[in-house]
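> Protein chains in written order, with numbering that gives the first Met the number 0: chain P, 0 to 338; chain B, 0 to 372.
Don't read these hints as lab results, they were simulated from the structure.
Some hints could be false.
Stated by the list, open to error - Some chain P residues flagged as far from chain B (calculated, every beta-carbon gap over 12 Å):
1. 36
2. 68
3. 130
4. 194
Claimed, not checked - Examples of chain P residues lying across from chain B (beta carbon under 8 Å, computed):
5. 13
6. 310
7. 311
8. 315
9. 319
10. 320
11. 321
12. 323
Said to hold, decoys possible - Listed next, with one range per pair, are the computed distances between beta-carbon atoms:
13. B:304 - P:292: 58 to 66 Å
14. P:56 - B:130: 36 to 44 Å
15. P:165 - B:338: 27 to 35 Å
16. P:110 - B:310: 51 to 59 Å
17. B:310 - P:138: 53 to 61 Å
18. P:292 - B:337: 34 to 42 Å
19. B:127 - P:22: 28 to 36 Å
Just so it is clear, the structure is predicted and the values come from calculations on it, not from any experiment.
Yeah, the Cβ is synthetic: ideal placement off N, Cα and C, and Gly gets one too.
So the chains spell out like this:
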Amino acid sequence: MPLRDSPTVVMGHGGGGQMSAELVEHIFVPAFANTVLSGLADSAVVSLGGAKLAFSTDSFVVRPLFFPGGSIGDLAVNGTVNDLAMSGAQAAYLSCGFILEEGTELQVVGEIAQRLGRAAKRAGVSVLTGDTKVVDAGHGDGVFVNTAGIGLIPDGIDIRPQRAQPGDVVIVSGAIAVHGIAIMSVREGLEFGIEIQSDCAPLNGLVQTMLAVAPDVHVLRDPTRGGLATSLNEIAQASGVGIELTERLLPVPEAVANGCSVLGLDPLYVANEGKLVAIVAPSDADATLAAMRTHPYGAEAVAIGTCVEAHAGMVVTRTGLGGTRVVDTPIGEQLPRIC
Amino acid sequence: MKYLDEFSDPDLARRLVEEIRATVTRPWAMMEVCGGQTHSIIRHGIDQLLPDEIEMIHGPGCPVCVTPLEIIDKAMEIASRPDVTFCSFGDMLRVPGSDKDLFRIKSAGGDVRVVYSPLDALKLARENPDRQVVFFGIGFETTAPPNAMTVYQAQKLGIDNFSLLVSHVRVPPAIEAIMQSPTCRVQGFLAAGHVCSVMGTEEYPALAEAFKVPIVVTGFEPLDILEGIRLTVHQLEKGEHRVENAYQRAVPAEGNPAAKAMLADVFEVTDRSWRGIGMIPQSGWRLSERYREYDAEHRFDVADITTQESTVCRSGEVLQGLIKPHDCSAFGTLCTPRNPLGATMVSSEGACAAYYLYRRLDAPAKREVSSVG
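Full structure from sequences and hints, please.
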């Protein structure tokens, strides 16, 4: 796909949809040209001194900095830990870079650092190196954080989007769209009946629990920006399978469904921060689900669909009433509708 | 809001579909007026459940789709000014003007903000007295009252750095225009429930009588829509043409008197151009004389705008129910949500976008489209 829409960067380039993918494919991949990067997985998988390592980085620019269920510090740890976990790696070490805007209260920076440290401890990783830059007032948004991390992939584990096969079962680890609606509810001053807490969480423990019973997990993905729909489309396109979902099986909490309804958003496209989608062989599905449900971050795991030979590269859902519809990749960011 | 699932119960839906099947004896074409209804029909696959005899024709009720290109170009002209903070609902930002959209204005340094209420824009105006804050007031009778209220508040509070770029439209004149078209095929209407929750149903009996069409006020959840279709089919089969209210939980016959009073105070009825359709007499609102100083078009003097519509796009015919999105040669090829030629493809409620997003796997529409002029 060419970069069609704009000669300048627009917000959609960071939305995790088609525009983000184009930016990466047309500017970064050619500039850095190598085979590992062109795989475009959540983390790079490399061999170093005989060990198989996963290596990943992510930047965090969330507003507000503190929200129900988490903070930018929690996101900065969990985001990178989860990217590593999606290749089966147990995250070990993180780096952390802060970009601070002149005028930001040091108490705020201190609170974020505290929370980041606590999140690292909870995820079982150490923050070993870091960097701090300050930009002029008006040239940042308070605090931006970047983390990078490495982890070891055990022998015999081969998790990547290309491995999805027809017949495989699609599993999601719990309620979707929670983080995005939690952020919107505080950012825009909207209330949806009850306070919605972000699902921000480290998923490395859950992945280890899954691998203990089913080491041949085919694909893992944490559906963050762009939501479950984007992750499933990426998997369908990378592997060439079709994916068929059953809409009524999608776990969407009532308050989140209400929030989505008010804003005109589809929960399939809303961001998550503590959920994973797994594609497993049918023979592994029951054991994987049972194992996930023993873990606090997978207690509400549910099978939501299957991989099929039909409509290769596309995701389709069966609606609650029995019809079908395509679930497409969003272009940029989802936009709340007028009425 | 707590009961969304109740309005998409598959067993109840099946029973309604069975009753519709049992009632239908011949083909009927009915129009859902609102883009929100179109979106719901396609998203939930309601059209796939209906008997072949029933054709749903998608109406002009997508506020984003019918906003004229000229107003969108004016919005961009205003939003580009360095002293302006331009506020809009999210879905207007991606609508293409003649050569760009509001996202492009934002990326070039324009202060363009997504807000969830016009009152948020007024708040921005209060907090930033050195800036001109403009709200993009588009939409039907649903969004017009809160926008009217905002202008009323601005005047009451003496906030003079706020203005409204107005492109409000009214549903009844659009229904009249559709029925008067020599190519019209519509035999019944599902009226837009949220519009009626404001305006009530009093404007519709005259239309139902004049054009001998049933008009059923209908909501947006799957069961609401199926019930609207069921009642419309019953009337059509019996040769009746009444106004019925299938959305009584939200729509009192008199509507919302406070909202109507606010509309009457702040706006006055005017002729309006609809994108893809053209001028419809008495089909819009503009600020009344008392509030004219809050009209962004006057404040920023943007009269000299020239526009360039696509020559290929047939969205006007889609909006009038004359063709289905599949019938346009550009659909899915030259025209996609990524590269939209018309607003029906870019708006999340537009009929073309709904078909492209949800129905790409389907064969082109089953029925041949023909005019009956």
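> Would you mind marking each hint as holding or not holding in the structure?
Results for each hint:
no.: 1; hint: 36; verdict: 25 Å, holds
no.: 2; hint: 68; verdict: 21 Å, holds
no.: 3; hint: 130; verdict: 28 Å, holds
no.: 4; hint: 194; verdict: 16 Å, holds
no.: 5; hint: 13; verdict: 11 Å, violated
no.: 6; hint: 310; verdict: 6 Å, holds
no.: 7; hint: 311; verdict: 12 Å, violated
no.: 8; hint: 315; verdict: 7 Å, holds
no.: 9; hint: 319; verdict: 5 Å, holds
no.: 10; hint: 320; verdict: 5 Å, holds
no.: 11; hint: 321; verdict: 7 Å, holds
no.: 12; hint: 323; verdict: 6 Å, holds
no.: 13; hint: B:304 - P:292: 58 to 66 Å; verdict: 60 Å, holds
no.: 14; hint: P:56 - B:130: 36 to 44 Å; verdict: 38 Å, holds
no.: 15; hint: P:165 - B:338: 27 to 35 Å; verdict: 32 Å, holds
no.: 16; hint: P:110 - B:310: 51 to 59 Å; verdict: 58 Å, holds
no.: 17; hint: B:310 - P:138: 53 to 61 Å; verdict: 44 Å, violated
no.: 18; hint: P:292 - B:337: 34 to 42 Å; verdict: 40 Å, holds
no.: 19; hint: B:127 - P:22: 28 to 36 Å; verdict: 32 Å, holds
Checked against the numbered hints given earlier, the structure breaks hints 5, 7 and 17 and satisfies all the rest.
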